[in-house]
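Peer 1: Read off the chains here:
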Amino acid sequence: MNKLLEILSDVRPDIDFSQTNLLVEDGILDSFDIVMLVGELNEAYEIKIGVEDLVPENFNSVDSIMNLINRLKDE
Amino acid sequence: MIFTSSIFWIFLFIVLLLYFLIPKNSQWIVLLIASYVFYLFSGYGMVTFLLFTTTISFFAGILLEKINNNSKDYLNNNKSLTREQRKEFKRIIERKKRIIIFISIMLIFSILGFLKYYNFFSLNLTTLSNKLSVNLDLPSLQILLPLGISFYTFQSVGYIIDINRGKIKADKNFPKFALFLSYFPQIVQGPISRYDQLAKQLYESHPFNYDRVKFGFQLVLWGLFKKMVIADRLAIPVNNIFNNYLEYEGFSIFVGVLFFSFQMYCDFSGGIDIARGISEVMGINLVENFQRPFFSSSIDEYWRRWHITLGSWMREYVFYPLSLSKAFTKLGRSLRKTFGNYLGKILPTLIATIITFLAVGIWHGPNWKYVAFGLYYGILISAGIFLAPVRKSTLNKLKIKTDGFSWRLLNILFVFFATTIGRYFARADGIMQAGSMLKRTFSVYNPWVFFDGSLLKLGLSRHEYSIVFISILVLLLIEIFQENGVHIRTTIAKQNLLFRWSLYLAAIFTVLIFGIYGPEYVATDFIYQGF
Amino acid sequence: MKFNRPLFRIIGFFIIFSIFFAYTTQVFTRKWGYQAQTTIFYQQPEDSIDVLFLGASGFDWGVSPLILWEETGVTSYVRAIGATTSSMIYYYFLESLKYQNPDIVVLDAYHLVRYWNIDDNEPSYRRSFEPLDFSLIKLKALFDISKNSDFDTFISLLFPFFRYHSRWSELSKNDFVKTDNPEDLIFKGQFIGFEKYEIDYSDEFMAETNEAKGISEESRDYYEKIIEICNEKGIHVVLMSMPRLATADYAEYNAVKTYAEENKIIFVDYNLPELMNTVGFEPEKDMIDSGHINTCGAQKFSSHFAQILAENYSLDDKRNDPKFEIWDRDAAHLRALLDENCN
Chain A
1 MNKLLEILSD VRPDIDFSQT NLLVEDGILD SFDIVMLVGE LNEAYEIKIG VEDLVPENFN
61 SVDSIMNLIN RLKDE
Chain B
1 MIFTSSIFWI FLFIVLLLYF LIPKNSQWIV LLIASYVFYL FSGYGMVTFL LFTTTISFFA
61 GILLEKINNN SKDYLNNNKS LTREQRKEFK RIIERKKRII IFISIMLIFS ILGFLKYYNF
121 FSLNLTTLSN KLSVNLDLPS LQILLPLGIS FYTFQSVGYI IDINRGKIKA DKNFPKFALF
181 LSYFPQIVQG PISRYDQLAK QLYESHPFNY DRVKFGFQLV LWGLFKKMVI ADRLAIPVNN
241 IFNNYLEYEG FSIFVGVLFF SFQMYCDFSG GIDIARGISE VMGINLVENF QRPFFSSSID
301 EYWRRWHITL GSWMREYVFY PLSLSKAFTK LGRSLRKTFG NYLGKILPTL IATIITFLAV
361 GIWHGPNWKY VAFGLYYGIL ISAGIFLAPV RKSTLNKLKI KTDGFSWRLL NILFVFFATT
421 IGRYFARADG IMQAGSMLKR TFSVYNPWVF FDGSLLKLGL SRHEYSIVFI SILVLLLIEI
481 FQENGVHIRT TIAKQNLLFR WSLYLAAIFT VLIFGIYGPE YVATDFIYQG F
Chain C
1 MKFNRPLFRI IGFFIIFSIF FAYTTQVFTR KWGYQAQTTI FYQQPEDSID VLFLGASGFD
61 WGVSPLILWE ETGVTSYVRA IGATTSSMIY YYFLESLKYQ NPDIVVLDAY HLVRYWNIDD
121 NEPSYRRSFE PLDFSLIKLK ALFDISKNSD FDTFISLLFP FFRYHSRWSE LSKNDFVKTD
181 NPEDLIFKGQ FIGFEKYEID YSDEFMAETN EAKGISEESR DYYEKIIEIC NEKGIHVVLM
241 SMPRLATADY AEYNAVKTYA EENKIIFVDY NLPELMNTVG FEPEKDMIDS GHINTCGAQK
301 FSSHFAQILA ENYSLDDKRN DPKFEIWDRD AAHLRALLDE NCN
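Residue numbers (our numbering), protein chains in the order written: chain A, 1 to 75; chain B, 1 to 531; chain C, 1 to 343.
For reference, chain A alone in the conformation it holds in the complex:
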């Protein structure tokens, strides 16, 4: 979890990620952020986040991102 928060604050240092849960729908994370974030996550967790995973529900909060990572790790 801390690893994830670190990566997140690396991409957008200006946001307190633990406080928000509508990151995409409120427009806090835009598509550029997401693409960069996905690159970082793929690298860090050795997973492959596909285009089909790029839906708001997967990126709206730290928890949902964590869920996504765990799901992909299992596959």
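By construction, these hints were calculated from the structure, which means they are not laboratory data. Heads up, some of the hints might be wrong.
[Claimed, not checked] No farther apart than 27 angstroms at their CA atoms in a straight line, the calculated lysine-lysine pairs in the DSS-like style are these:
#: 1; chain 1: B; residue 1: 392; chain 2: A; residue 2: 73
#: 2; chain 1: A; residue 1: 73; chain 2: B; residue 2: 90
#: 3; chain 1: A; residue 1: 73; chain 2: B; residue 2: 24
#: 4; chain 1: B; residue 1: 87; chain 2: A; residue 2: 73
#: 5; chain 1: B; residue 1: 200; chain 2: A; residue 2: 48
#: 6; chain 1: B; residue 1: 326; chain 2: A; residue 2: 3
#: 7; chain 1: B; residue 1: 90; chain 2: B; residue 2: 79
#: 8; chain 1: B; residue 1: 79; chain 2: A; residue 2: 3
#: 9; chain 1: A; residue 1: 48; chain 2: B; residue 2: 345
#: 10; chain 1: B; residue 1: 176; chain 2: A; residue 2: 73
#: 11; chain 1: B; residue 1: 24; chain 2: B; residue 2: 131
#: 12; chain 1: B; residue 1: 169; chain 2: B; residue 2: 96
#: 13; chain 1: B; residue 1: 96; chain 2: A; residue 2: 48
#: 14; chain 1: C; residue 1: 98; chain 2: C; residue 2: 213
#: 15; chain 1: B; residue 1: 87; chain 2: A; residue 2: 48
#: 16; chain 1: A; residue 1: 48; chain 2: B; residue 2: 176
#: 17; chain 1: B; residue 1: 97; chain 2: A; residue 2: 48
#: 18; chain 1: C; residue 1: 98; chain 2: C; residue 2: 138
#: 19; chain 1: A; residue 1: 73; chain 2: B; residue 2: 200
#: 20; chain 1: B; residue 1: 176; chain 2: B; residue 2: 200
#: 21; chain 1: A; residue 1: 73; chain 2: B; residue 2: 167
#: 22; chain 1: B; residue 1: 167; chain 2: A; residue 2: 48
For this one, chain A is given, so just place chains B and C on it according to the hints.
Peer 2: For chains B and C alone, coordinates are given in the frame of chain A:
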């Protein structure tokens, strides 16, 4: 059959009458027939292209879903497979699906490509070959573009990809699916709807709902106001300046481009409002395509509020797949080694951004000016991302307050200025003309054109300018309210009947009187032709 | 029945809208100057007009029903629209029969040799079509005259507002209030004017020839329809042409003359020099502009035409009928104007 023609309103009246009078579960049939009748008005032959695309995407969808289901079943029935075996199986399935997607999308795009871009390529190839003295002489063809081809093509490609991603289920009913691609309010100029946003609504039944019908017509009226009163009136000086740009310079040209900004916005968003309004009357919510783009405080925000459905299509089906593709991931890794972490992280995104905006530009039409248009925005936005840290530290150092209204206004004005520059490319005849106009604008300082009556020689009288300015002021006011979260139509609905009906009548007659339509009335055309 | 509130609202709003729309149409429609003639025609007592003049502006200026009354005691009315065309003359004829049972219909001979459709000459049609009250005949005319044009022409004839909406920047007092001169209302459709225009017309005017040409197929069809109905109803048809010093042509005269003989109808062409002499036409005094004669000239031609009618038909002399006393008063009014302004 354009939205502002009398024949369209009669057509619409008949469609609505049938739509609400026939049994509710066959409403979609009325829509399907109406859509094809509407389409046939644009030319009989054109329907073939639409049907071709419909057929390809329909069967591609079914095929893809079958493969998806079969492979899922197979995996479920063979739980004993090792992880490696499963991976191998998935890889084979992926390849199969890729072939289907590739073939179907190629077929669909090649129609668009051929009809819309053939002449562009043949001309440029011929020019190039002549320079290389190969003397290739590709003929140029007289091609009439099928109505709405750029819109339905993108909708059908989105559909195929969404099925592949498992986002939606394939449509099993061909006539219904044909309606999804041909739905008449949106076929002319969008919005580009996704299957999961629109299809179900089209197939469902919608009883007559007075409030919804009322709201729908209010939106139509608002769209007509923007299109007929503002856009079509501004078209007169805009055409004058762009068609004879060599006769103008400095502020005259800039004013012309500024007018074009408003014309473009009012024309496009007005048309969308009409489409959305008509849909609302029928109980169908079309997706928004504009969200007051002139209030954007950054260029990328502007592109999230202007032609939203094109932007989001490009994001979903070009930008994301490109950024996450193997090639780009590899590129990122190798860049990181050479340029360090920051650049390595950001460069692939910037490249993907520029490519995406090139696609946005080329989508608009087969012309080098649209290539320039796409590059312009791609580079602007990339620069914005790239320079974000620099910008931040500069602002901090200079202690500029960024949370006040004035800072936002400054940004809004900057975005407005930047998009206005972009419109030189959107409206000029070609890239050379756009360049020449830009040069003519900024090489001359002639503020007197605002005072010496030059602007009155562009085809609009003082009276007409008053109408334009008052209308734009009304538009601005309404949008400021909307920016602040006021829902105009709900607010109106809360007022008393006298006020509401007076407002409706005033709005209707404003459009009827001040709208630009019908043959121009010129008193001198009518002078007595005695004998 | 269940009280259907939305439906009532929709109908209510539609009614209010229609009222505003009708008023706006009235304001925005161009004032061609022919409305009074048509409105006054509708106000004439039923079956009170014996002779009906149907034609173009030559008739408006050149035919004086009150002179005809003075001379013969016959009642007549002029329904003539500037540069109208035979199709509209036909519908004016049909429409007139709804209100009056004339004994004689005098048609503008000139329109046998001219025809244009609405796309060639839109004002001609609008001037003629717009003043008419709504009726089945008007609807029939609408379908007929717009049959070869686009749908927008049809719609904008039905709702003239759509044609004139951009007049908002030139609206004037005229458009909001009726400004008919009350004096004009008594002349039975005649236009009154005493200005003089000295005309200098070509020596080639009505140069004699044996050639006969110029009858338009479309006009012939419309005139034939009129003649057929007149024959059924026992109405006499007369062809007449007022002087057209710029355009009259002898070959056309020949053609119309043959046509009239074939149909056994009287044809009077005041372009014939000998007829002009008989009438006593003075080109330096009797014209109001290059194309129309003034009221002084009208007196001469109408007086002559009254004699032709009297010689050929038994006219119903109503001069002693107390119901028509008002005609005497109006004729006296015109007489006073003539005495004051002519000679």
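Peer 1: Against each hint, give a clear statement of whether it holds in the structure.
Peer 2: Comparing the hints with the structure gives:
no. : hint           : result
1   : B:392 to A:73  : violated, 36 angstroms
2   : A:73 to B:90   : holds, 16 angstroms
3   : A:73 to B:24   : violated, 48 angstroms
4   : B:87 to A:73   : holds, 14 angstroms
5   : B:200 to A:48  : violated, 32 angstroms
6   : B:326 to A:3   : holds, 24 angstroms
7   : B:90 to B:79   : holds, 14 angstroms
8   : B:79 to A:3    : violated, 33 angstroms
9   : A:48 to B:345  : holds, 17 angstroms
10  : B:176 to A:73  : violated, 40 angstroms
11  : B:24 to B:131  : violated, 64 angstroms
12  : B:169 to B:96  : holds, 18 angstroms
13  : B:96 to A:48   : holds, 20 angstroms
14  : C:98 to C:213  : violated, 35 angstroms
15  : B:87 to A:48   : holds, 13 angstroms
16  : A:48 to B:176  : violated, 36 angstroms
17  : B:97 to A:48   : holds, 19 angstroms
18  : C:98 to C:138  : holds, 12 angstroms
19  : A:73 to B:200  : violated, 34 angstroms
20  : B:176 to B:200 : holds, 10 angstroms
21  : A:73 to B:167  : holds, 21 angstroms
22  : B:167 to A:48  : holds, 18 angstroms
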